[in-house]
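The listed protein sequences correspond, in order, to chains S and A.
The first sequence begins at 453 in my numbering and counts up one residue at a time.
The second sequence begins at 453 in my numbering and counts up one residue at a time.
Be aware that a few hints might be false.
The list treats identical chains as interchangeable, and a pair is accepted whether it falls inside one copy or across any two copies.
[As the list claims (entries may be wrong)] The list that follows gives simulated cross-link-like pairs (lysine-lysine, DSS-like), each with its CA atoms no further than 30 Å apart: (1) K1098 to K986; (2) K1042 to K910; (3) K874 to K603; (4) K1098 to K1015; (5) K1123 to K918; (6) K712 to K747; (7) K683 to K910; (8) K683 to K644; (9) K874 to K600; (10) K854 to K747.
If you are wondering where the hints come from, they were derived from the structure by calculation, not from laboratory data.
2 protein chains.
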Amino acid sequence: MREIFYPRSVAIIGVSSKPDNLGRNIVANMVEYGFDGIVYAVGPSGGMVETRRIYRTVDDIPDHVDLAVILTPAKIVPVVLEECGRKGIKWAIIETAGFREYGAEGRKLEDAILQVAEDYGIRFVGPNCIGAINMENGLCVPFPRLSKFIKTGDVSIITQSGGVGMSALNIMANEGLGLNKFVSVGNALNIKAEDLLEFLIEDEGTELIFLYLETIQDGRRLMEIAKRSSKPILVFKSNIGQLGQVIAASHTASLSSDNKVVSAAFEQSGILRIHDATSFGNGLKILKLPPMRGKNLAVVSRSGGHAVIAADACELSGFQLAELPQTFLDEIENHFRASVIRLTNPLDLGDLFDLDVYAQIVDQTLRLEGVDGVVFLHTSISATEHDASRNLLERIMQLVQKYDKPVAYYISADAREVNYLKQHYNFPIFTQVVETIRALEISHHYYCEEQETRRSKKRPKISADKDFVRKMIGNARAENRDLLLSESMAVLQHYGIPTVQSMVAGTVEQAQDAADVIGYPVAIKVIAEDISHKSDVGGVQLNLRNNSSVVEAFDDMMTRIDKAYPKAKVDGVLVQPMVTGGRELILGGKQDPQFGPVVLVGLGGIFVEIFDEVAVRVTPIDHQDAIEMLEGLRGAQMLMGVRGQKRLDIEAVADALVRLSELLQDFPEIKEVDINPIRVFHEKEGCMALDGRMVLTTG
Amino acid sequence: MREIFYPRSVAIIGVSSKPDNLGRNIVANMVEYGFDGIVYAVGPSGGMVETRRIYRTVDDIPDHVDLAVILTPAKIVPVVLEECGRKGIKWAIIETAGFREYGAEGRKLEDAILQVAEDYGIRFVGPNCIGAINMENGLCVPFPRLSKFIKTGDVSIITQSGGVGMSALNIMANEGLGLNKFVSVGNALNIKAEDLLEFLIEDEGTELIFLYLETIQDGRRLMEIAKRSSKPILVFKSNIGQLGQVIAASHTASLSSDNKVVSAAFEQSGILRIHDATSFGNGLKILKLPPMRGKNLAVVSRSGGHAVIAADACELSGFQLAELPQTFLDEIENHFRASVIRLTNPLDLGDLFDLDVYAQIVDQTLRLEGVDGVVFLHTSISATEHDASRNLLERIMQLVQKYDKPVAYYISADAREVNYLKQHYNFPIFTQVVETIRALEISHHYYCEEQETRRSKKRPKISADKDFVRKMIGNARAENRDLLLSESMAVLQHYGIPTVQSMVAGTVEQAQDAADVIGYPVAIKVIAEDISHKSDVGGVQLNLRNNSSVVEAFDDMMTRIDKAYPKAKVDGVLVQPMVTGGRELILGGKQDPQFGPVVLVGLGGIFVEIFDEVAVRVTPIDHQDAIEMLEGLRGAQMLMGVRGQKRLDIEAVADALVRLSELLQDFPEIKEVDINPIRVFHEKEGCMALDGRMVLTTG
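Here chain S stands alone, though its shape is the one from the complex (with noise of 0.2 Å):
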């Protein structure tokens, strides 16, 4: 992969002297960026373009070429590709477009191309891509003409979007962000987000990774990279609505995807999501300095009114304001200051005008065992005060070295002001309070994330009778059917989920031997392959409390089916103990297309339709894992014990939900299961499955 990056020369296909032609632009782009290798232009009408002659072909290259950039029309990539692998060039960024996100055409074009990459070993980025940029070595590669507007620095991009990329690169420009490689997938036909991600957190230069993504190839694979990366990843994964979807397969032929299982799968590899230009500029700011360990801040502000403001949204990020000493307060109103307002934190010093003191006062706040960070409000009043104000700041950067704590730096001063201390400062200048106080949120949050990835999990041994489960489900895929209600069971049970007794009955007089054996009141569930809302037909009957209740409901059940569903093959009736008590709540299961299995829990009923209360992770998860999906509901306080109301077995859901994500990676046969309702039990007393449904997967 270094080749895309670190070529020692690099072959321009699809340029000519036309003033218009966009290779050209790819040229001079080379040139301004003072790339510090070769660089051959390649058009088939030949002349001359920026001082250097115009090849016909590659084949006319009097030497070896390590990466080739094409932009030429569509039709003519798999021969000019062709024309690089004779050439013996390994290495290609194919920006061309109108391709598969075109239609039929374009598949069958990038089916070719794929062709011609096999045949002769190379590797790709693109196709319907900008290019990349190394501003190490000056490679320079889209296809706009650019000038040097952005300062190098240790910031890597990914981005599926040309435009999207160009747009952060502007806001780090204008935020005094250095960037260090950019480069943008496009359809990501052959090189994958995933792979050039892989690259970048071995790479030197790299401190920090922004991918764009609007689609997610290999989840699982994403998870893995993220995990194993000592720098920050953040990611704006588009995509995610109804209306995004017609556009971005239109554009990058991107497919959809489960929201909330992305945001799990993140959350689950130490990967920051972001979801606006906001989040980004602040979590790249942020992430530049120590990380935000704790809850407790200091803030220390020139004006009341910005500490007013940061105290609220203090409050709002979950921060508390760390209680200074009195000593540490009276020595400051000593030293300091004349006495107009009084101290506490957030330390308002308005009316002190010496900026020296500001920093010591920092120092001697960061010094204290009670503080993680400190939210420094500065105005710099006029422009007066612009050279010290810019002392304070250089002995704020010391003061965050010596304590490994971070100071988030607010300013408020005239724009030209604002944009010298960006440009000219490594170190994150902030101008909302806010913000401010978001982006240490997020700089916490990455932490606990970060914590969290390094934790070693333990993943239960679970004695499953593995076999059983297998040939029960290999019967069902033979029969081309989900399994039953009565097999569900089995499964869960097999895996150590508690699931209420159930007996199958094919006759109602089984029916009824069964109730008087079970013990009144009983439910009866109708087994049937063909019948998937069973409620919604009379296919659970609850409550059943006499042996005449059990005959009613029976042949209630059966007329209503053969109704609704004349050629359903009923296959008899589970009967199961009415069970009460506890609380319901739903468990499942899926195999994401992207992320592999994931498993889930929600608050049943109302709260999972109304207020979508569920908590997804991607599988395998532990018991610590499962415990954090439960308390993470915001519902939770209903099953912690809320009013005096008892705590309810969170342990034992917790254990059932492990079990459930063994299941879903011991057999990735199992598209879905709903485990709905289980009933949890008060504290200590177990939880159990009332119902449980299967969907596998085909073929």
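Please build the complex by placing chain A on the supplied structure of chain S, with the hints as guidance.
Then chain A, alone, in the frame of chain S:
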């Protein structure tokens, strides 16, 4: 109030010739901003400053003075103000800090100032403020030395904090937004933010008003003024949490307020509430444009990636992507561009390089009836395009005028060009895609809010026996107690809120008799003024199925109450039938210290506790308001009938809410009322208050 902004002569009091004197900054600012009146410098040490004499007292000034700006030590402010009074000065701005915000001594000083002001008929801004600016006449009296960093425009600012006000100006300057007037109110001892707002809504040069408030002094008046205003009003209300309260009190002596009430009040009076600098900037920018009247957006983009992000953001903001007629799309495709990406909405025009054509497309899009606004996502790829881009912007400005619809204009370009556009065009420039759509969301929200405030409300005539209620409340207050349960229920009934049949029983025998009359099962509830949480001590006994249960429950209740509240005076019990069916809601109301009476409604039980599901409105409300409160609850679907459940009688609850609102309007002596629960039945079957509690104001 005009004299504050348009004085003909100003005395700056507290000036000395020392280099670090703040008063001399004010004199210098007046010169720099070209104040078109006469400035007198006043200070006890005399001397000269900025080529002018410093008078020792205002008395020495040979002419009449319209406005005094005072920046002397706090202790002598009363004396100085008295000198002003004797001189005949009627208006002042007191910038000095160190008053109420600093404790008891400061409060005394404030009292002294108020007395002087009353004696001499002086009205003043401050104390503890940064002063005022009027860009129209060059009045500029803040004490920091200011350059002319912001252009003249139509936005005016009222701020409680000088520092936050200055930050707002920096943000505006950076965004190219022009200022008209600026005033910092500080402790707002005499002239309130509300007074200044009243002035500005009539002020000719002001088109948009921004307020930063840490406290709201007279919420009702603020609402009333806002409703009268034809100019958009944006308010950043801070001091909303626990953490901010302490610092706000020490900063501008501000009291905190109920954040939900503030939001409701703003919503009801057409005030746009903002929460950070981003929404401040977005709001000011977007409200310069015609409003987004509907929900149908068209997105025109030069980058597919931006289009995807925009589509996601549209969905999150509740917009729809307008369906563009196929003939329209075909026309664009045929006339304007090669076919690389198929067109839809968002219109991704990536390969179209003639910017003139973009203007034509925007023109034709705005013309479509189904389009309420356009998001234009521009990428100015390189410097060579800047001229064409500027022309495009001018065309778009004309189109906005022509069609009276908003075009939210985003541009990704290098910082210098973006800054040029912001400073040279009186048109909002956005640089973040998601924020561009959020801005349109603000526009639409403001438009709807505005429409709503213009709606004529229909308050019902309620034929309550007010004398009866007045007497009951009067008696209770005379006895220095709140209303008893039985009395509260009676009041509700008098106001036409359906209440459950309730019989008062003084003895266990009477309770038995009452139960027999009502019919079983019954509930009994203790009537006792001293017991606030009656269910916690067995004071509510439900579901009593027969005569002997009533006896047991009565005895149990009395035993437990006697234990918990040995001194409580028990007036008996209320016997009620058990009511089932439907769903429980909570209705309530209270006297808010800033906004007067408010009503609230929420789903009962855990929904209030865990999901914080409560809707609030400042009274009076009408039926439509009440319906909107109910529909706005996140759990509203539970009332509207979800999953085949029957719809509940929303109309009846709304009616009860309106009646409760009228009750609170009629009787400000009611400090708090709780109807918990009120049971709402199926559609057309009404609702019924099962319990009511009313707390009265004292004195």
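Do the hints match the structure? See the list:
1. For a Cα distance limit of 30 Å, the shortest separation of K1098 from K986 across copies, 21 Å, qualifies, whereas the shortest one inside one copy, 33 Å, does not.
2. In this homomeric assembly, K1042 and K910 come within 30 Å of each other (Cα to Cα) only inside a single copy, at 22 Å, whereas the closest approach across copies is 53 Å.
3. Within a single copy, K874 and K603 get their C-alpha atoms as close as 11 Å, and across copies as close as 24 Å, so both meet the 30 Å cut-off.
4. When the C-alpha separation of K1098 and K1015 is checked against a cutoff of 30 Å, the pair qualifies only between copies, where the shortest distance is 25 Å, while the shortest distance within a copy is 45 Å.
5. With identical chains, the CA atoms of K1123 and K918 are at most 30 Å apart within one copy only, with a shortest distance of 17 Å there and 67 Å across copies.
6. Taking identical chains as interchangeable, the C-alpha atoms of K712 and K747 lie at most 30 Å apart whether they share a chain (26 Å) or sit on different chains (26 Å).
7. Only within a single protomer do K683 and K910 lie at most 30 Å apart by alpha-carbon distance; the minimum there is 25 Å, versus 62 Å between protomers.
8. Taking the shortest alpha-carbon separations for K683 and K644, only the intra-copy value of 19 Å comes in at or below 30 Å, while the best inter-copy value is 52 Å.
9. Taking the closest pair of Cα atoms, K874 and K600 come within 30 Å of each other both inside a single copy (17 Å) and across two copies (22 Å).
10. Taking the closest pair of Cα atoms, K854 and K747 come within 30 Å of each other only inside a single copy of the chain (20 Å); across copies the shortest separation is 53 Å, beyond that limit.
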